[in-house]
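For chain A, the structure is supplied; the task is to place chain B on it using the hints.
There are 2 protein chains.
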Amino acid sequence: MNTPKEKPWSRLHEMLDRGDAADEIESLLEDLEPADMLHAVFTLTPDDQRALLSTLAPEKAASLVEDLPDTHVAELMEEMRAGDAATIVEEMTSDHRVDVLAELDAANAEAIIAELDEDEATEVRDLINYPPDQAGGLMMTEFAAYPMALSVREVVDDITADTVDYEFLTVHYIYVVVRKKKLKGVIRLRDLVFADPDQPIGRIAKPALTVSPESTLDELEQFFDEHDIAAVPVVDERGSLLGIVRRRALLEALTERAEADNLKAAGIIGGDELRSMPVLVRSKRRLAWLSINIGLNILAASIIAMYEDTLTAVIALAVFLPIVSDMSGCSGNQAVAVSMRELTLGAALPEDVMRVWRKEAIVGMINGIALGALLGIAAWAWKGNPILGLVVGAALAANTIVAVSIGGTVPLILRRLKLDPAVASGPLLTTVTDMCGFFLLLSLASLVLPMLS
Amino acid sequence: MNTPKEKPWSRLHEMLDRGDAADEIESLLEDLEPADMLHAVFTLTPDDQRALLSTLAPEKAASLVEDLPDTHVAELMEEMRAGDAATIVEEMTSDHRVDVLAELDAANAEAIIAELDEDEATEVRDLINYPPDQAGGLMMTEFAAYPMALSVREVVDDITADTVDYEFLTVHYIYVVVRKKKLKGVIRLRDLVFADPDQPIGRIAKPALTVSPESTLDELEQFFDEHDIAAVPVVDERGSLLGIVRRRALLEALTERAEADNLKAAGIIGGDELRSMPVLVRSKRRLAWLSINIGLNILAASIIAMYEDTLTAVIALAVFLPIVSDMSGCSGNQAVAVSMRELTLGAALPEDVMRVWRKEAIVGMINGIALGALLGIAAWAWKGNPILGLVVGAALAANTIVAVSIGGTVPLILRRLKLDPAVASGPLLTTVTDMCGFFLLLSLASLVLPMLS
Numbered sequence: 008m009n010t011p012k013e014k015p016w017s018r019l020h021e022m023l024d025r026g027d028a029a030d031e032i033e034s035l036l037e038d039l040e041p042a043d044m045l046h047a048v049f050t051l052t053p054d055d056q057r058a059l060l061s062t063l064a065p066e067k068a069a070s071l072v073e074d075l076p077d078t079h080v081a082e083l084m085e086e087m088r089a090g091d092a093a094t095i096v097e098e099m100t101s102d103h104r105v106d107v108l109a110e111l112d113a114a115n116a117e118a119i120i121a122e123l124d125e126d127e128a129t130e131v132r133d134l135i136n137y138p139p140d141q142a143g144g145l146m147m148t149e150f151a152a153y154p155m156a157l158s159v160r161e162v163v164d165d166i167t168a169d170t171v172d173y174e175f176l177t178v179h180y181i182y183v184v185v186r187k188k189k190l191k192g193v194i195r196l197r198d199l200v201f202a203d204p205d206q207p208i209g210r211i212a213k214p215a216l217t218v219s220p221e222s223t224l225d226e227l228e229q230f231f232d233e234h235d236i237a238a239v240p241v242v243d244e245r246g247s248l249l250g251i252v253r254r255r256a257l258l259e260a261l262t263e264r265a266e267a268d269n270l271k272a273a274g275i276i277g278g279d280e281l282r283s284m285p286v287l288v289r290s291k292r293r294l295a296w297l298s299i300n301i302g303l304n305i306l307a308a309s310i311i312a313m314y315e316d317t318l319t320a321v322i323a324l325a326v327f328l329p330i331v332s333d334m335s336g337c338s339g340n341q342a343v344a345v346s347m348r349e350l351t352l353g354a355a356l357p358e359d360v361m362r363v364w365r366k367e368a369i370v371g372m373i374n375g376i377a378l379g380a381l382l383g384i385a386a387w388a389w390k391g392n393p394i395l396g397l398v399v400g401a402a403l404a405a406n407t408i409v410a411v412s413i414g415g416t417v418p419l420i421l422r423r424l425k426l427d428p429a430v431a432s433g434p435l436l437t438t439v440t441d442m443c444g445f446f447l448l449l450s451l452a453s454l455v456l457p458m459l460s
Numbered sequence: 008m009n010t011p012k013e014k015p016w017s018r019l020h021e022m023l024d025r026g027d028a029a030d031e032i033e034s035l036l037e038d039l040e041p042a043d044m045l046h047a048v049f050t051l052t053p054d055d056q057r058a059l060l061s062t063l064a065p066e067k068a069a070s071l072v073e074d075l076p077d078t079h080v081a082e083l084m085e086e087m088r089a090g091d092a093a094t095i096v097e098e099m100t101s102d103h104r105v106d107v108l109a110e111l112d113a114a115n116a117e118a119i120i121a122e123l124d125e126d127e128a129t130e131v132r133d134l135i136n137y138p139p140d141q142a143g144g145l146m147m148t149e150f151a152a153y154p155m156a157l158s159v160r161e162v163v164d165d166i167t168a169d170t171v172d173y174e175f176l177t178v179h180y181i182y183v184v185v186r187k188k189k190l191k192g193v194i195r196l197r198d199l200v201f202a203d204p205d206q207p208i209g210r211i212a213k214p215a216l217t218v219s220p221e222s223t224l225d226e227l228e229q230f231f232d233e234h235d236i237a238a239v240p241v242v243d244e245r246g247s248l249l250g251i252v253r254r255r256a257l258l259e260a261l262t263e264r265a266e267a268d269n270l271k272a273a274g275i276i277g278g279d280e281l282r283s284m285p286v287l288v289r290s291k292r293r294l295a296w297l298s299i300n301i302g303l304n305i306l307a308a309s310i311i312a313m314y315e316d317t318l319t320a321v322i323a324l325a326v327f328l329p330i331v332s333d334m335s336g337c338s339g340n341q342a343v344a345v346s347m348r349e350l351t352l353g354a355a356l357p358e359d360v361m362r363v364w365r366k367e368a369i370v371g372m373i374n375g376i377a378l379g380a381l382l383g384i385a386a387w388a389w390k391g392n393p394i395l396g397l398v399v400g401a402a403l404a405a406n407t408i409v410a411v412s413i414g415g416t417v418p419l420i421l422r423r424l425k426l427d428p429a430v431a432s433g434p435l436l437t438t439v440t441d442m443c444g445f446f447l448l449l450s451l452a453s454l455v456l457p458m459l460s
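From first to last, the protein sequence lines are chains A and B. Per the numbering used here, the first sequence runs over residues 8 to 460. Per the numbering used here, the second sequence runs over residues 8 to 460.
Just chain A, same shape as in the assembly (with noise of 0.2 Å):
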C-alpha cells in the first residue's frame, strides 16, 4: 500500500504512538540500513526520540545512542526517567558513557548515576571529574590487568576462558601490575602467546609508554603520531593505571573539536543544533551570538553616520560601502582559515604574530591591489569619474591589508589569551574590518570631495 516513494521509517512514528511492541520496532529498525536508521531517528521529534529508546531493549537503545553525537543524547536523556537513561547507560563503555554524563547537568547526571549499582558509579564518578578533551576523559577502564607473579598459562587461560566478556581485547594488550594497580610493564598478546608458558608475565612485560590524565588532545596526537600503537596507559603520579586511551578514541575527540570548531566560527555556539531539537532552544541559542553580531554592526556602522554630509554629497558612496565591508570579511577570513589550520598542524605557535603578519602583509598588499584596481575601474566606468575609482580603489587596497593582517593575526593573540580563537576571530574580524573600511572609504572621500561631487 505504500507509495512508492515512502520511506520504510515514515511508519515509526506512528508506531511509537500506538504503542506498538518492542519487537515490531526492533525488527523495523533492524531491517534499516545504518545510515537510514540515523536518519529515521533524527526526522522524529525528541518526545518520539525519548519514546523510541524506552521502548528498545537497553543493550539496543545503548549501540543506538553511541552513533549519535554525545551533547544530543544528553538532551535526550535529561527529560527521561532517570531509571530509564540508567538502563541504557549501563550498556555502554565506560569511556562513552562518561562523555554522555558529562554533557548533562550535575544533578540529572546524579540522579542517574545513583541508579547504577555501586561500583560502576563509583567509577562513573571518578572519571567524570576529568575534563573531556584530557586523557583522563578520554581512557575506558575496561583492560585486562594481571599481577606480574601470573605464570603465562595462567594468564592466557583466564584470557580465552569464556567466563568474562573480553570484547575489549581488540585493544591487543595485556597490562602487568603490581599491588593491584601500579603498572609494572606491558605485554602484546602476541608476545604473550609466542612466549614459554610456565614464565611470569614479569619476565616478558616491557616497560610501558604511559601518559597522565592531564594529556591534553594535542599532546596525545603527537604520541600517537610517534608511536605506532593502538592504546596507551593513563596513569596517574604515583604510577597507578587508571585506564587506557585508544588511538580510535582519540581520532574521535579530534574530529568532534574540528567539527565543533567549524559549527562555532559559523555562530552556533552553546551546544551542537540539530533540527530535530526545539524550536525554541535552536532560536535562543542562535539568537545569543546574532543579538552580539548586530551590537558590533550598529557599532560599526556608525562610522557612516559621522560622514553623512559625504555621502550625501557623493550617493554613489554608499553603494561601495557594502562592498568594502564584504570584501574585507572574505580577505580577513581566507586568513583566519590559513592561521586555524596552521595552529592545528603546528605549523604556527602562539607565538609566531610577528612571522605570520609579515607573511599576511604582503599577501594582503599583492590582493589588495588586485582588488582595488578591479573595485576602482568598475567604479570609474560606472559614474566616468577617475578620482572616485581612485578613491574606492584606494580604500579597498588599503582595508584589505588591514583585514588580512588582523585575520591572520588574531587567532594566534586569542589562543595566547587562552581564548576560542574558533568563536571570537570572526565577529572581531569583521566589526574591525568594518569600521576601519567605513572611515577609510569615507574620510578618503572627505579630501577629495570637491573632485567628486
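It is possible that some hints are incorrect.
Same chains, same names: a pair is fine if it fits in one copy or spans any two.
Below 16 Å or equal to it, Euclidean Cα-Cα: the simulated EDC-like pairs (lysine to aspartate or glutamate) are [as the list claims (entries may be wrong)]:
#1 425 with 243
#2 390 with 315
#3 189 with 122
#4 67 with 233
#5 67 with 232
#6 187 with 149
#7 188 with 244
#8 67 with 30
#9 187 with 117
#10 213 with 198
#11 425 with 43
#12 188 with 130
Keep in mind that the hints were calculated from the coordinates and are not lab data.
Quick look at chain B alone, frame taken from chain A:
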C-alpha cells in the same frame, strides 16, 4: 651563547646553508620534541625544506614527511630531483606513498615512480588510479596473506621468523587466500595462536567482511561503525584481495576532509595553504576566489545603485545597508553550518530540502522578528522617526527569513546537484541575501518615502 629566547631550531637555516653534515642536522632534529620539529620545518623556506629532506637519511626524511600534509609534501617533491624524491618515497608505507604521488602532476609523479624498483613501481601505478576518497585510494598493500593449505604451525613460524618486517602486523589479521589472491577468509592473530598447530589454516578461517575498492569514505565510516575491527580487506569483483584499509587511515581521511571543507568554506580553494609556500602561489589561489566574490558583490550592490533617489532623500538608509547585509549573512551562515553538519552526520539527506526549509523558516521568523525589533528600535531612537524604524526592522526581519531559508537548503541542493557545498554555499548565500536585503530595505523605504524625509 644563545640568548634565552632563541629557539633551538633557529640555527637550522644556517646549518643547511653552510651544508653541515647530515648527522649534525639529524642530531639537532632528534633533540627536538616532535611538535617543535614540525614547527622548525615550517619556519624554513620551501628550498630549505627540500635541502633538509635531501640531507637527512631517507628513512628519517620519510618519517618526517609522514607528519606533513600530503599536498605540502607533493609541492616540495615537484621541485626535487626525481631520484632524491624516490629514495624518500621508497621508505614510506604504501598507502601514504600513493597519497603523496597522487597530489603531484602526472609527469612529475611518473618521473619519481620510474626511479622505484620494478615491483614497487607497478604497485604504485595500480594504486594511484584509485580516487583518494575511496577504499582503493586508502588501502595499504602490506598485509599477511597465506594459502589455505598451510598449517597453523607453518604460518606462525613464518610470522615469527625475523626475516620480514612484520611491523604491519599491528593490524593483527591473517588473510587466507587461494590461487595466490582470492580471499577465502580471515583469522585473528590471537585465534591463530590458540589453535591446534597442525591444522590447516583454511580450517580455522572465518568468512571475511570485505569492501570494494569503490567504497566511499561515508560507506567505510558506516562499516567501521558497525564492525569493531582494526582493518578491512578490499577485494575486487572477482574476490581477489587488493589491500586492506585500516580504521586509522579512514579516520585520518575523514579528519582531512573536514579540515579541507573548513578551508574551502573560508575561501581557501585549489589546495591547502601554508605560510611557508611562495607568496605568489598563496596570493593567486586566494585571488581566484576573491575575484569571483567581488563580481558577485558588485552585482548585489547594483541593486543599491537603482535606488539612488531614495538614498539621496533619506541618507540615513546608507547606514543600514551594510548592517542588513552582514546580519543576514550571519543568520544564513548559522543555517549553512547546521546543514553541513547534518549532512555529515546523516541527520539530513539531500532530498530533505522541504523538511529543512520548514524547520528553518520558523527559526528565521522568530530570530528575524527579534533582530528586526532590535535594529528598528535603534533606528527609531537614532533619527526619532518610528517609520524609519519600521522600514529597517521589517526589512531585516524579512531578510532573515530569506537568509536562513537559503542557508539551510542550499547545501542540500548543491549536494544533490553533485556540487561541493563547502565551496559554493557561502558565496551563493551572501549574494542572494545581499540583493534581497538591499531590495527589501530600499523598496520599502521608497513606498513610504514621504513619511521618511
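Going down the list of hints, with the structure as the test:
1. Taking identical chains as interchangeable, the C-alpha atoms of residue 425 and residue 243 are never at most 16 Å apart, the minima being 26 Å within one chain and 50 Å between chains.
2. Taking the closest pair of Cα atoms, residue 390 and residue 315 come within 16 Å of each other only across two copies (13 Å); inside a single copy the shortest separation is 20 Å, beyond that limit.
3. Within a single copy, residue 189 and residue 122 get their C-alpha atoms no closer than 30 Å, and across copies no closer than 52 Å, so neither meets the 16 Å cut-off.
4. Taking the closest pair of Cα atoms, residue 67 and residue 233 come within 16 Å of each other only across two copies (13 Å); inside a single copy the shortest separation is 37 Å, beyond that limit.
5. Taking the shortest Cα distances, residue 67 and residue 232 sit within 16 Å of each other only across copies (14 Å), while inside one copy they are farther apart (35 Å).
6. For the homomeric pair residue 187 and residue 149, the shortest alpha-carbon distance inside one copy (15 Å) is at most 16 Å, but the shortest distance between copies (39 Å) is not.
7. For a Cα distance limit of 16 Å, the shortest separation of residue 188 from residue 244 inside one copy, 12 Å, qualifies, whereas the shortest one across copies, 51 Å, does not.
8. For a Cα distance limit of 16 Å, the shortest separation of residue 67 from residue 30 inside one copy, 11 Å, qualifies, whereas the shortest one across copies, 58 Å, does not.
9. Taking identical chains as interchangeable, the C-alpha atoms of residue 187 and residue 117 are never at most 16 Å apart, the minima being 28 Å within one chain and 58 Å between chains.
10. With identical chains, the CA atoms of residue 213 and residue 198 are at most 16 Å apart within one copy only, with a shortest distance of 10 Å there and 23 Å across copies.
11. Taking the shortest alpha-carbon separations for residue 425 and residue 43, neither the intra-copy value of 41 Å nor the inter-copy value of 20 Å comes in at or below 16 Å.
12. With identical chains, the CA atoms of residue 188 and residue 130 are at most 16 Å apart within one copy only, with a shortest distance of 15 Å there and 48 Å across copies.
In terms of the numbered hints stated before, the structure departs from hints 1, 3, 9, 11, listed from lowest to highest.
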